[in-house]
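Just so you know, the sequences run in chain order A and S. When we follow the numbering used here, the leftmost residue of the first sequence carries the number 1, and every step to the right adds one. When we follow the numbering used here, the leftmost residue of the second sequence carries the number 1, and every step to the right adds one.
No lab work stands behind these hints: they were computed from the structure. All figures in this text were calculated on a predicted structure; none of them were measured in a lab. Note that beta-carbon positions come from the ideal geometry of N, C-alpha and C, so glycine has one too. Among the hints, a few may not be true.
Taking CB as the label site, the calculated pair distances span [what the hints assert, rightly or not]:
#1 A:THR301 to S:ALA9: 53 to 63 Å
#2 S:LEU165 to A:LEU132: 51 to 61 Å
#3 S:ARG263 to A:ILE140: 29 to 39 Å
#4 S:ARG263 to A:PRO75: 56 to 66 Å
#5 S:ARG160 to A:ASN265: 26 to 36 Å
#6 A:ALA353 to S:ARG134: 32 to 42 Å
#7 S:SER149 to A:ARG266: 49 to 59 Å
#8 S:PRO422 to A:ASP137: 36 to 46 Å
#9 S:ARG174 to A:ASP137: 40 to 50 Å
#10 S:ALA257 to A:ASP137: 40 to 50 Å
#11 A:GLY359 to S:SER149: 47 to 57 Å
#12 A:LEU132 to S:GLY100: 51 to 61 Å
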Amino acid sequence: MTTGRAVPAHFRKPLLETPFHDRARELQQNDQFVGWAGYSTVDVFSSVEQEYFAIRNATTLYDLTPMVKYRIAGPDAERYLNRLVTRDVRKLKVGRVSYVVWCNDAGHIIDDGTIFRLGARDFRVCTAERQLDWFADSAIGFDVAIEEVTSEIAALAVQGPTSCFVLKRFGLAGIEQLRPFELAEFTVGGRPLLASRTGFTGDLGYELWLQPQDAGSVWDALMDAGRTRGIRPIGSQALNMARIEAGFLLPNVDFVSAEHTIRVNRDRTPLELGLGWLVDFDKPHFNGRRALLAQRERGLTRLLVGLDVAGNKPAHNALLYAEPAGRREVGSVTSAMWSPTCKRNIALAIIDAPSFAVGTTVWADIYLNRELVWERRMAAARVVERPFFAPQRRRATPPADR
Amino acid sequence: MSAAATARAYDAIIVGAGHNGLVCAATLARAGRSVLVLEARATVGGCAVTREFAAGFRVSAGAHLLHQMPAALIEELGLAAHGLEYAATALPTTALAADGAPLEIGDLAALARRSPADARAWPAFAARLGRFARLLRGLLAAPPPRLGSGAWSDRLALARLGLRLRLLGRRDMREFLRIIGMNAYDLVADEFESELVKGALSLDAVLGTNFGPRAPGTVLTLLYRLAAESAAGPRALAQPRGGMGALTQALARAAAAAGATIRTGAPVARIRVDADRAAGVVLDSGEEIAAARVISNADAKTTFLRLLGPEHLDTGFVRRVDHIRSRGVAAKLHLALDRLPAFAGASPRALGGRLLVAPSADYVERAWNHSKYREWSLRPALEVTLPTVHDPSLAPAGQHVLSAVVQYAPYAPEGGWPAGKPQFLEAILGVLESHAPGLRAGIRAAELSTPADLEREFGMSGGHWHHGDLAFDQFYLVRPVPGAAQHATPVAGLYLCGASAHPGGGVMGLAGRNAARRVLAEGAR
Numbered sequence: 001m002t003t004g005r006a007v008p009a010h011f012r013k014p015l016l017e018t019p020f021h022d023r024a025r026e027l028q029q030n031d032q033f034v035g036w037a038g039y040s041t042v043d044v045f046s047s048v049e050q051e052y053f054a055i056r057n058a059t060t061l062y063d064l065t066p067m068v069k070y071r072i073a074g075p076d077a078e079r080y081l082n083r084l085v086t087r088d089v090r091k092l093k094v095g096r097v098s099y100v101v102w103c104n105d106a107g108h109i110i111d112d113g114t115i116f117r118l119g120a121r122d123f124r125v126c127t128a129e130r131q132l133d134w135f136a137d138s139a140i141g142f143d144v145a146i147e148e149v150t151s152e153i154a155a156l157a158v159q160g161p162t163s164c165f166v167l168k169r170f171g172l173a174g175i176e177q178l179r180p181f182e183l184a185e186f187t188v189g190g191r192p193l194l195a196s197r198t199g200f201t202g203d204l205g206y207e208l209w210l211q212p213q214d215a216g217s218v219w220d221a222l223m224d225a226g227r228t229r230g231i232r233p234i235g236s237q238a239l240n241m242a243r244i245e246a247g248f249l250l251p252n253v254d255f256v257s258a259e260h261t262i263r264v265n266r267d268r269t270p271l272e273l274g275l276g277w278l279v280d281f282d283k284p285h286f287n288g289r290r291a292l293l294a295q296r297e298r299g300l301t302r303l304l305v306g307l308d309v310a311g312n313k314p315a316h317n318a319l320l321y322a323e324p325a326g327r328r329e330v331g332s333v334t335s336a337m338w339s340p341t342c343k344r345n346i347a348l349a350i351i352d353a354p355s356f357a358v359g360t361t362v363w364a365d366i367y368l369n370r371e372l373v374w375e376r377r378m379a380a381a382r383v384v385e386r387p388f389f390a391p392q393r394r395r396a397t398p399p400a401d402r
Numbered sequence: 001m002s003a004a005a006t007a008r009a010y011d012a013i014i015v016g017a018g019h020n021g022l023v024c025a026a027t028l029a030r031a032g033r034s035v036l037v038l039e040a041r042a043t044v045g046g047c048a049v050t051r052e053f054a055a056g057f058r059v060s061a062g063a064h065l066l067h068q069m070p071a072a073l074i075e076e077l078g079l080a081a082h083g084l085e086y087a088a089t090a091l092p093t094t095a096l097a098a099d100g101a102p103l104e105i106g107d108l109a110a111l112a113r114r115s116p117a118d119a120r121a122w123p124a125f126a127a128r129l130g131r132f133a134r135l136l137r138g139l140l141a142a143p144p145p146r147l148g149s150g151a152w153s154d155r156l157a158l159a160r161l162g163l164r165l166r167l168l169g170r171r172d173m174r175e176f177l178r179i180i181g182m183n184a185y186d187l188v189a190d191e192f193e194s195e196l197v198k199g200a201l202s203l204d205a206v207l208g209t210n211f212g213p214r215a216p217g218t219v220l221t222l223l224y225r226l227a228a229e230s231a232a233g234p235r236a237l238a239q240p241r242g243g244m245g246a247l248t249q250a251l252a253r254a255a256a257a258a259g260a261t262i263r264t265g266a267p268v269a270r271i272r273v274d275a276d277r278a279a280g281v282v283l284d285s286g287e288e289i290a291a292a293r294v295i296s297n298a299d300a301k302t303t304f305l306r307l308l309g310p311e312h313l314d315t316g317f318v319r320r321v322d323h324i325r326s327r328g329v330a331a332k333l334h335l336a337l338d339r340l341p342a343f344a345g346a347s348p349r350a351l352g353g354r355l356l357v358a359p360s361a362d363y364v365e366r367a368w369n370h371s372k373y374r375e376w377s378l379r380p381a382l383e384v385t386l387p388t389v390h391d392p393s394l395a396p397a398g399q400h401v402l403s404a405v406v407q408y409a410p411y412a413p414e415g416g417w418p419a420g421k422p423q424f425l426e427a428i429l430g431v432l433e434s435h436a437p438g439l440r441a442g443i444r445a446a447e448l449s450t451p452a453d454l455e456r457e458f459g460m461s462g463g464h465w466h467h468g469d470l471a472f473d474q475f476y477l478v479r480p481v482p483g484a485a486q487h488a489t490p491v492a493g494l495y496l497c498g499a500s501a502h503p504g505g506g507v508m509g510l511a512g513r514n515a516a517r518r519v520l521a522e523g524a525r
């Protein structure tokens with residue numbers, strides 16, 4: 001096993017700049033930059049609402065370069081990844097992408113991410129947190145090379161109902177044939193790029209992976225191609241709204257990595273997060289398999305579910321109770337929002353057995369700050385299926401030409 | 001299973017016919033289990049073998065004294081009936097001095113001539129260590145309990161340990177807790193002034209481990225040695241007639257008589273896993289043999305990383321196994337001599353026993369310093385025996401064999417062993433010559449086995465003949481690693497029975513017996 005890490009040349013700044021930084025600096029109106037995995041990225045360009053509605057109605061550009069990327073290659077790469085993650089990587093064909101989670105020995109989630117199969121022995125793994133130590137330790141006994149390539153690849157999410165049209169006009173001929181979780185290589189104006197039909201919005205959308213030196217020109221060309229389709233750059237806040245509607249989980253918000261927890265009972269297994277469909281007990285051994293099998297046999301004591309909350313006040317950080325009097329606590333909310341598209345007050349919450357069953361009503365303790373005066377409100381919240389929003393267009397191939 | 005697979009399925013396959021593997025096989029076979037033992041080498045015994053190292057000269061290739069196998073185990077397996085005889089028992093230990101008469105450890109009159117104060121301190125010290133050793137002895141002969149399992153059997157075992165500690169009485173318990181984490185160097189410096197006594201105790205504390213006497217935890221290793229010796233009973237230190245190979249030959253006969261099948265020259269390539277359960281083995285030859293259980297006498301790294309394969313294990317567990325400290329530092333020197341060497345001042349009784357070259361605690365610590373930096377000791381510490389004094393059958397008439405454990409020899413010295421070995425041999429012979437003038441003139445052949453040689457010959461990771469240092473983080477509840485410390489492993493049907501498992505290294509046989517007990521306790525075949 002060999003490991004490597006591309007060290008960014010600039011080490012004097014606390015936060016690095018992505019290759020799209022100049023464009024972001026030019027277009028943002030509020031100077032709302034936030035740190036993300038060591039990079040400075042935009043939280044809000046203009047207004048969260050405008051950016052959110054652009055995701056659902058037009059096309060958006062989102063700089064996801066800080067997403068941590070590893071190249072994993074070698075004769076044992078498939079066998080290595082199959083032992084690392086809970087899904088069966090043998091079934092992942094070249095040119096496809098898979099959403100995966102990986103666990104420690106106890107079956108507790110360390111992180112989630114995506115695996116891109118670039119070749120029979122060549123993979124790219126995108127993660128939320130840096131994973132080199134876990135990946136390297138997992139490589140003991142495997143003939144595989146692991147290299148962090150985060151700064152070598154600029155990444156841009158192009159998401160929204162008109163994104164396919166914009167990308168065609170941008171020059172990705174045939175992009176409309178790309179099915180969900182497929183990837184393809186393109187050359188635009190002599191510049192190579194990889195496009196995958198993936199994203200974090202639950203909507204029609206793509207992600208582009210390019211050489212850092214091409215970032216500015218690709219951004220400009222996309223903005224130009226999307227001018228008639230309402231294209232606009234978005235920050236992390238708008239994306240967060242879209243991902244809650246799509247029911248996607250965010251590390252350190254909906255769960256804490258098992259490598260970071262300190263307190264007992266703060267770890268989560270994929271089964272507890274409602275990600276059992278990602279766990280393939282029929283494939284060969286993988287990290288955490290024996291612990292997860294035991295948990296499946298014992299039954300779950302808690303589960304991450306969707307909530308439909310009464311009223312229109314988001315149940316941010318609310319504790320959940322079995323009855324309106326608020327005596328018996330049964331869980332807590334991890335993410336909450338008023339969903340403008342669903343017209344529902346939605347939330348993700350972790351709830352104890354047996355209250356997590358779909359259809360159960362629990363009570364959310366919501367605190368409202370009304371001009372510095374706090375009010376407390378108990379709102380009924382019904383356990384519902386996730387996702388909250390799953391439009392046909394996210395899967396349609398080819399997508400509507402608009 | 002392929003068409004070539006052996007039809008017969010065993011209750012258990014034991015990988016490796018070291019002394020622990022054989023004890024495990026004999027114990028299981030006596031309980032009516034069908035057992036197949038597979039040994040890679042042409043002879044059984046693992047590291048406890050007698051072999052020719054020069055024409056007509058034979059020697060115990062690894063450990064050369066039998067002082068840790070419990071008398072009760074030897075009785076239980078009926079080893080005397082299976083041919084185990086002793087050339088000598090209750091052998092003395094003698095510390096060789098650079099500056100005068102050798103000192104037999106425990107000889108109070110001789111000690112008083114060196115230091116009256118030490119002679120006064122010795123009996124109480126030895127008695128106290130003896131009491132502590134008996135406390136630890138209680139841990140040796142059973143699989144360790146699990147922490148936090150909630151099972152009553154585990155709680156009971158832990159409570160029993162606490163009770164035994166309490167029953168030491170207040171003074172002893174306090175003293176035990178004071179010294180158990182300490183280093184041997186400070187302990188002996190507190191008690192004695194004679195460098196020779198301090199040196200001898202220091203060497204006993206670190207024999208076979210990658211520690212100097214100043215390393216924390218070396219009081220534990222000293223007590224552990226004493227614990228095993230106290231279990232071995234009055235025969236310790238003993239020398240089997242025909243060398244240590246005679247012990248393992250007797251064990252093999254005992255196992256075979258109980259119904260176990262032993263195949264030599266049958267190296268296991270890998271352990272087969274079906275539906276997350278050990279299902280048998282595949283030999284180098286490609287032959288597949290099925291069994292309900294696989295019990296590995298190989299060390300933990302070899303078992304998990306090579307024979308089983310990390311793909312059957314979780315990353316955290318593999319990381320722990322990979323981090324087991326198992327770099328051997330003990331080399332073995334074998335000399336064919338045309339005469340009995342004359343160790344200055346040593347009595348005939350001393351020559352037949354165990355001779356220590358560790359003239360001071362500082363000497364042993366300095367010897368270790370080199371190995372920390374991947375160098376061999378320029379003035380190594382030695383445990384020397386002359387097995388032909390009591391067992392002339394090991395050499396041509398009138399000639400002799402010298403067998404010495406030599407510390408410290410790093411596993412991978414700077415510059416490599418091929419280049420370093422002649423220089424290291426020269427250093428050892430220089431030390432020996434200084435204690436036995438004229439010894440070199442009598443050498444007809446010399447063989448030096450470094451840890452790298454021991455690894456190659458016996459398949460022990462790092463050439464560590466205890467299959468990993470005995471230290472607090474690799475001891476009892478966590479030996480070899482959490483998740484495999486009760487002889488069972490994360491893979492159902494796979495067990496450890498070698499020195500990697502509790503209670504560890506030394507020719508004790510209890511790891512094998514504990515593993516067998518664990519398997520039998522599970523009941524179903």
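Outcome of the hint check:
1. The hint said 53 to 63 Å for the Cβ distance between A:THR301 and S:ALA9, and at roughly 40 Å that hint is violated.
2. Against the hinted window of 51 to 61 Å, the Cβ-Cβ separation of S:LEU165 and A:LEU132 comes to about 44 Å, which falls outside the hint.
3. Remark: the range hint 29 to 39 Å for S:ARG263 to A:ILE140 is upheld by a beta-carbon distance near 31 Å.
4. Checked against the hint of 56 to 66 Å, the pair S:ARG263 and A:PRO75 fails, with Cβ atoms roughly 33 Å apart.
5. In this structure, S:ARG160 and A:ASN265 meet the distance hint of 26 to 36 Å, their C-beta atoms being roughly 31 Å apart.
6. Here the CB-CB span from A:ALA353 to S:ARG134 is close to 50 Å, at odds with the stated 32 to 42 Å.
7. A C-beta distance of roughly 22 Å is found between S:SER149 and A:ARG266, which places it outside the suggested range of 49 to 59 Å.
8. With their beta carbons about 39 Å apart, S:PRO422 and A:ASP137 fall inside the hinted range of 36 to 46 Å.
9. Look at S:ARG174 against A:ASP137: about 41 Å separates their beta carbons, and that is inside 40 to 50 Å.
10. Between S:ALA257 and A:ASP137, the C-beta spacing of about 46 Å keeps the proposed range 40 to 50 Å intact.
11. The hint said 47 to 57 Å for the Cβ distance between A:GLY359 and S:SER149, and at roughly 38 Å that hint is violated.
12. Between A:LEU132 and S:GLY100 the Cβ separation comes to about 60 Å, which falls inside the hinted range of 51 to 61 Å.
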